[in-house]
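There are 2 protein chains.
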Amino acid sequence: MKIGVLGTGIVGQTIASKLVALGHDVKMGSRSAGGEKATEWVKKAGAKASEGTFADAASFGELVFNCTSGAGSLEALRAAGAKNLEGKVLIDIANPLDFSKGMPPTLFSGNTDSLGEAAQRELPGTRVVKTLNTVNCNVMVDPSRVAGEHDMFVAGNDAGAKSQVSEILKTWFGWKSVIDLGDISAARGTESYLPLWIRMWGALKTADFNIKVVR
Amino acid sequence: MKIGVLGTGIVGQTIASKLVALGHDVKMGSRSAGGEKATEWVKKAGAKASEGTFADAASFGELVFNCTSGAGSLEALRAAGAKNLEGKVLIDIANPLDFSKGMPPTLFSGNTDSLGEAAQRELPGTRVVKTLNTVNCNVMVDPSRVAGEHDMFVAGNDAGAKSQVSEILKTWFGWKSVIDLGDISAARGTESYLPLWIRMWGALKTADFNIKVVR
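Line by line, the protein sequences are chains A and B. Residue 125 in the numbering used here sits at position 120 of the first sequence, and the numbers go up by one each step. Residue 182 in the numbering used here sits at position 177 of the second sequence, and the numbers go up by one each step.
One chain only, chain A, in its complex shape (with noise of 0.2 Å):
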């Protein structure tokens, strides 16, 4: 499948190293093409990879993963084009971290809204679901990571787009336990869970750990 990649940071680098390494062609978008980080993964990634802006990214793929930093998304996700984005899913992983007042990081967006439905509203015609936010990098694309059961979210309202979702990140990725929070209004849950999640991994000294939901 074409997939486009927006952001070049870790966890972009990350889920588009997966993507490439499971038979995908995958295009890393950023501010501009030919971008220092981004080229330099095209010549780590291979064949199957390339590179552009946001707008070459989102045209090209199928699909399209948002890894940009949460303060940067909704003006990457504008760069990458409501057009090139109509009738697409996209899979946002950004988180609303501000990091400008120190560690720990605190949410820039409140819990009266979320990242999540921001990216919605600015892609009308775009099918969001949020997933993968409530984990590390490493463990997005390699759950075993983490020992034993443990699950992923996902929010969109729309349901045939979070069913494809639940099946990539099931087939592709391993994920064994996918839960359906609702619908995007449902990201201000797993987005919310950031600061939990920061004191976690302060307690636990790794960031390879999730959650299981037990009843």
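Heads up, a few of these hints could be off.
No copy is singled out in the list; a pair is fine if it fits within one copy or between any two copies.
Straight-line Cα separation of at most 27 Å, DSS-like style, residue types lysine-lysine; simulated pairs [unchecked claim]:
#1 Lys175 - Lys217
#2 Lys23 - Lys210
#3 Lys23 - Lys93
#4 Lys181 - Lys217
#5 Lys210 - Lys181
No wet-lab data here; the hints were simulated from the structure.
Fit chain B to the supplied structure of chain A, relying on the hints for placement.
Below, chain B without anything else, positioned relative to chain A:
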């Protein structure tokens, strides 16, 4: 032990009834003595139960639980009185839920502060431990309602108080795993988790659930 329970709602009644069942002397505190809910609870709970003002319950307890609703917590703690709580351990269960804008509730504290921290600032001579606020009140006092292993968190500035509260959680309420998240600012983590809890509650259609941290 003589224990004060601030709050007459479902959380206060559940905690207070469990403490009485364990053989403790419990005084439930509310805005004014002789209120209907507290009086009815005393009738049901029997000889070990009593009620009074927030100040009465705070001065009675060697240990005090804050089970007030988040919106009223700071006012309740002021009424309870810093002197009456001086040197004592306050187990803070309250969540900063704002129901004024409809369901699902939002959080009024933002993620750059927490109710736990506000309580600690209000009561500098009291050892505030944030815990139990991540589960439904029935699960708080009976974690076996949730099958298998799952975790409770504690946060607070005083290591001795956290250790004492962890013992209480284990030996009185039956918790098997208690994770220390750090100082009281980690209450931001557990309080910010509530929007995710609310969405999981909607998805699971039961309040008898919790999370297990998996590594």
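Hints that the structure is at odds with (numbers, increasing): Going through the list in order, the structure violates no hint and respects every one.
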